[in-house]
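There are 6 protein chains.
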Amino acid sequence: MKLVIKVTGKYFDDEGDKSLLPRAVRGLVERGNRVAVVTGGGSTARKYISMGRSLGLNEASLDLMGIWVSRLNAFLVAMALNDLAYGRVPESLEQFIEYWSQGKVVVTGGFQPGQSTAAVAALVAEATVADYLVIATTVEGVYDSDPRLNPEAKLLPRVTTAELKRILETSQSVKAGTYELLDPMAMKIVERSRIRVLVTNVNRLDRLTDVIKGSGIASIVEPV
Amino acid sequence: MKLVIKVTGKYFDDEGDKSLLPRAVRGLVERGNRVAVVTGGGSTARKYISMGRSLGLNEASLDLMGIWVSRLNAFLVAMALNDLAYGRVPESLEQFIEYWSQGKVVVTGGFQPGQSTAAVAALVAEATVADYLVIATTVEGVYDSDPRLNPEAKLLPRVTTAELKRILETSQSVKAGTYELLDPMAMKIVERSRIRVLVTNVNRLDRLTDVIKGSGIASIVEPV
Amino acid sequence: MKLVIKVTGKYFDDEGDKSLLPRAVRGLVERGNRVAVVTGGGSTARKYISMGRSLGLNEASLDLMGIWVSRLNAFLVAMALNDLAYGRVPESLEQFIEYWSQGKVVVTGGFQPGQSTAAVAALVAEATVADYLVIATTVEGVYDSDPRLNPEAKLLPRVTTAELKRILETSQSVKAGTYELLDPMAMKIVERSRIRVLVTNVNRLDRLTDVIKGSGIASIVEPV
Amino acid sequence: MKLVIKVTGKYFDDEGDKSLLPRAVRGLVERGNRVAVVTGGGSTARKYISMGRSLGLNEASLDLMGIWVSRLNAFLVAMALNDLAYGRVPESLEQFIEYWSQGKVVVTGGFQPGQSTAAVAALVAEATVADYLVIATTVEGVYDSDPRLNPEAKLLPRVTTAELKRILETSQSVKAGTYELLDPMAMKIVERSRIRVLVTNVNRLDRLTDVIKGSGIASIVEPV
Amino acid sequence: MKLVIKVTGKYFDDEGDKSLLPRAVRGLVERGNRVAVVTGGGSTARKYISMGRSLGLNEASLDLMGIWVSRLNAFLVAMALNDLAYGRVPESLEQFIEYWSQGKVVVTGGFQPGQSTAAVAALVAEATVADYLVIATTVEGVYDSDPRLNPEAKLLPRVTTAELKRILETSQSVKAGTYELLDPMAMKIVERSRIRVLVTNVNRLDRLTDVIKGSGIASIVEPV
Amino acid sequence: MKLVIKVTGKYFDDEGDKSLLPRAVRGLVERGNRVAVVTGGGSTARKYISMGRSLGLNEASLDLMGIWVSRLNAFLVAMALNDLAYGRVPESLEQFIEYWSQGKVVVTGGFQPGQSTAAVAALVAEATVADYLVIATTVEGVYDSDPRLNPEAKLLPRVTTAELKRILETSQSVKAGTYELLDPMAMKIVERSRIRVLVTNVNRLDRLTDVIKGSGIASIVEPV
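Chains as they are written, first to last, in full-length UniProt numbering: chain A, 1 to 224; chain B, 1 to 224; chain C, 1 to 224; chain D, 1 to 224; chain E, 1 to 224; chain F, 1 to 224.
In short, the hints are calculated from the structure, not lab data.
Hints may be right or wrong, so weigh each one.
Remember, identical chains collapse to one label, so a pair may be satisfied in a single copy or spanning two.
To be verified - Cross-link-like lysine-lysine pairs, in silico, BS3-like; alpha carbons within 27 Å at most: (1) 154 x 10; (2) 213 x 154; (3) 154 x 2; (4) 213 x 47.
The structure displayed is predicted, hence computed values, not measured ones.
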């Protein structure tokens, strides 16, 4: 199985133990899967964007600050994976394709201003013809409303791509940026290549095979 | 003045004389402007995408075929500009920023799958804090409906960014891909950085200064 | 066995099915051979050279236009080979050597102005110490005169390198560029490293093992 | 005058206004000086090193985490300098030399594990034959003992390179890492190329010309 | 076992047979070891440094002359190792890490001015978590005094890192550059990562496994 | 005037003073000319080729050894030219074009196996549309026979390209490699782009302007 795992930048926010992710990836590789990892930027990204804004940087350069931090996170994960991972972080999809062709885990951060790391992950899933794009985030999956605003929000174990798109478009919280899953570019890639998406809590990564089999909490988003 | 000129790939479709564009750019530079050029792919791009599709390539790889052709067009223009242009075509916004910092015209094609060269041009306009993003296309500007379907379509000499967005979203022709100006990613960049856009016919490029002053046929899109 | 296959640019001229070449390469790899592929430019190269000439480009830059198109063809083949091929097209022999050292099929276009892709293929055959340099072209092999001018031209199933050199030097058609096999630089490499050359029709690539064994129409060129 | 300015990573520790440094560099350039800037990593570097250590990374990889953060700081400064700076952060002295040859300010972070950014700055000063290597730090200059431990510590306005070396070697605080100026590699470069060093408070950077003329608080370290 | 072998530049001084080193590396790889090789510059490096000095080059540029020659030696060894080695010489530790991640022998020369190839070898040993850093030199191991000055010098088969450091620091000959083993930067890396060092004659490389087992003349330097 | 100067590798053979070349280039640049320099490999190249041969390297790899040495010579010259030269040696014509577009002197060695540095120089002259390709060698110009074999050989102050071609083809000494000026590839480039060639003694480089004006010993080769 080919898996692309997109890890929220929040995972890197504190200085605590980060071994869950490399351990999970190692487990997946040892069971014969091919894995690509995409890391977000988190609070360090926001810190540098804030400094950049105070210096009058344009939006593209601000995005680049965040992209560099996401690559720093990617590099940390690649070094922790040691001999399992390609020893460099790609800076574009073309570099990703080059590195990926050599058989190792490739860990990547952002590619380009104007798009989220979710869009990067969707592109990577498309280019590798992945079985699943796994979005490892801070909630348990896709809800019918924002679980952080509405305590009654219901987890949806199975959603169609079209339904997810509708939820994302109507949700106020999306506009406010508090409940980000897939930005429009990521959504467009997911749609055009009919990529299956699995949304789950980053803490569940070490049981990902169970989650995929359906015996763990998560949402699966499928074309039909 | 800083100008980013996005040239439709159709400009490169036949083997005819291509000197209009380099001549126009040379004129602008000689009058003290800084210029970046973004080239589309045109029919050669479509030919390679079609071959790729027959070979079963995934969507990301198909997009890369088109991107390579757009870079070929960019390289042709750069070589024609000779000593005015940076002697290499950037393959990402980061490379664009590096080359641009050296004071020459930079000619670029596509950057990445999943986005149009219009989005590339918007990113470049944002990163250079350009005065105008010029969309040099096959029609005369922005119309209230598709001029190729509706002979009564009216050219709009001045539109707000919000109005353009509405026109693009409601136009059937956009969905059919026959009347492309700005894809959603390009639109988002134009909005967030309040970039002024000038839409005009590629044949008018050699009178671009007039067009900007208002004495030529075109549409100007402004934030307010 | 190590094989370098040079494919005529004409192979890419129409938009038709291009699966013969990737299928042939896959077959060879699956039977334990190591394969490098070198692609020519074809009519798209000629189109861009023609545009460049109308723009007054110098000869070196015109050659570069053709080289870029040959790399585009190489990239198409690499993407079609998928996980069998190194995911990037080398732009020099040094890059070829780097990519080749990693065990995959490497697909390359032109390297440098002033030399044909046949010269590239000869260099690649030399650097990889290939068993055969296969020239996959539009005729069936080496003839005693140009088969397209002379209907009586006789196919030579076995030629020495010295004989081939004499045929190429005396042939008027070589000067006219209509019957190209090996330019002088390619010839020099073939001679100095005593490379065995097999000339055959590109349509026969899927039976290349038979052809090498002698049970297919082709010409074999050997040092003595 | 050619100046290499090494800025302590602490400068980037909080999210506050960072305009002092770009403003100072702009002032120097406008007065005809050539400037290179070397940035340290600060607390973000320490955060990532700490995460890396919890993941069992080797010392070289841990150093690389810090180097990446120092490059992030360098990129922030380069973007803020806008058209004054080369638009990319070099990753080795060889890249620095390439970028520097193009006449712009070059901003760099760390180069390689096993050495401090002070050593990077000394190398850069050597390669550019700089008039001064300016160490912009959190104290006012070189003291006869550690000013943060000993309130009686006396600022030394003029020191010989040999004296500085003796102070650094005998100081307990150096071993504890709390009063770092020049590590042994930086010291060796400074000695062999007889580089003049100016140590001053980072807050004084906008009056650097005065400081160099002797009318500002600082220490000047000279070969004899 | 993972081995980093640092070969003295003197090995490349004459035009004689150089097959000992590639043969030894091949033997080690065939017995299941992973090997990195670091080559010095030798007399060709000194020739170019001397030419550079006559041209008034700065010390950093002079070091680069030597580094380029050491890379030339590395490239020679890589080409001789053929399909065992990664087909390119890394120019920094980051490139080394990238190339190393692909499973081949990596051959490297110098990385950066201001440090010896012994420091490069120590960094490589640290980054690969090598079992031994092998210093293949022109003497038989570590002596209690310089064997070329003192015929009574005694070979020390086992030394602690601390003892070696003391010997290197007190030896007059070190200052004179005639008996180089580890410069201060190399020593620092060896100490901080507790790397085991084996010093032996370059002529003994083809019996390195015996030497490691203790049945060959050499010195082993260990942390305690 | 645009000049490409090809300097024989013999210039770098001994460790003596090498200041003639950088001084001559500086003089040309100060008088408003644009200059590119191409350096040969010389005896160090032959030493490494000889070592490579004893190691069984293929011809392409042997050529690469020589190319690396010619780049080392190029780097020495670039460093000596200091702020006049682009701070990196290009490794292909495409890199040369990129570096050249930035207005500095570019110093280059070999590009690719299978061709001489004279061919490199011809390519560079073609790509820069140079006024003269200057071949700075160990004899005074073009002779009617080899001046080192025949003491009666007559210097030809003016030759047509066609005459030079005939001399080179009929000369026995060319085959023996003792009297090399232009190999067939270089000759082909010179012909197709009608490049004017000036052959003179490397010792005359500091009076090159006089030589071009006709008041110094040299041969000028012109298309008609």
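Status of each hint after checking the structure:
Taking identical chains as interchangeable, the C-alpha atoms of residue 154 and residue 10 lie at most 27 Å apart only when both belong to the same chain, with a minimum of 23 Å there against 46 Å between chains. In this assembly of identical chains, residue 213 and residue 154 lie within 27 Å of each other by CA distance solely inside one copy; the values are 21 Å within and 57 Å between copies. For the homomeric pair residue 154 and residue 2, neither the shortest alpha-carbon distance inside one copy (29 Å) nor that between copies (51 Å) is at most 27 Å. In the homo-oligomer, the alpha carbons of residue 213 and residue 47 never lie at most 27 Å apart, since the shortest distance is 39 Å inside one protomer and 37 Å across protomers.
The structure does not agree with the numbered hints 3, 4 stated previously, though it agrees with the rest.
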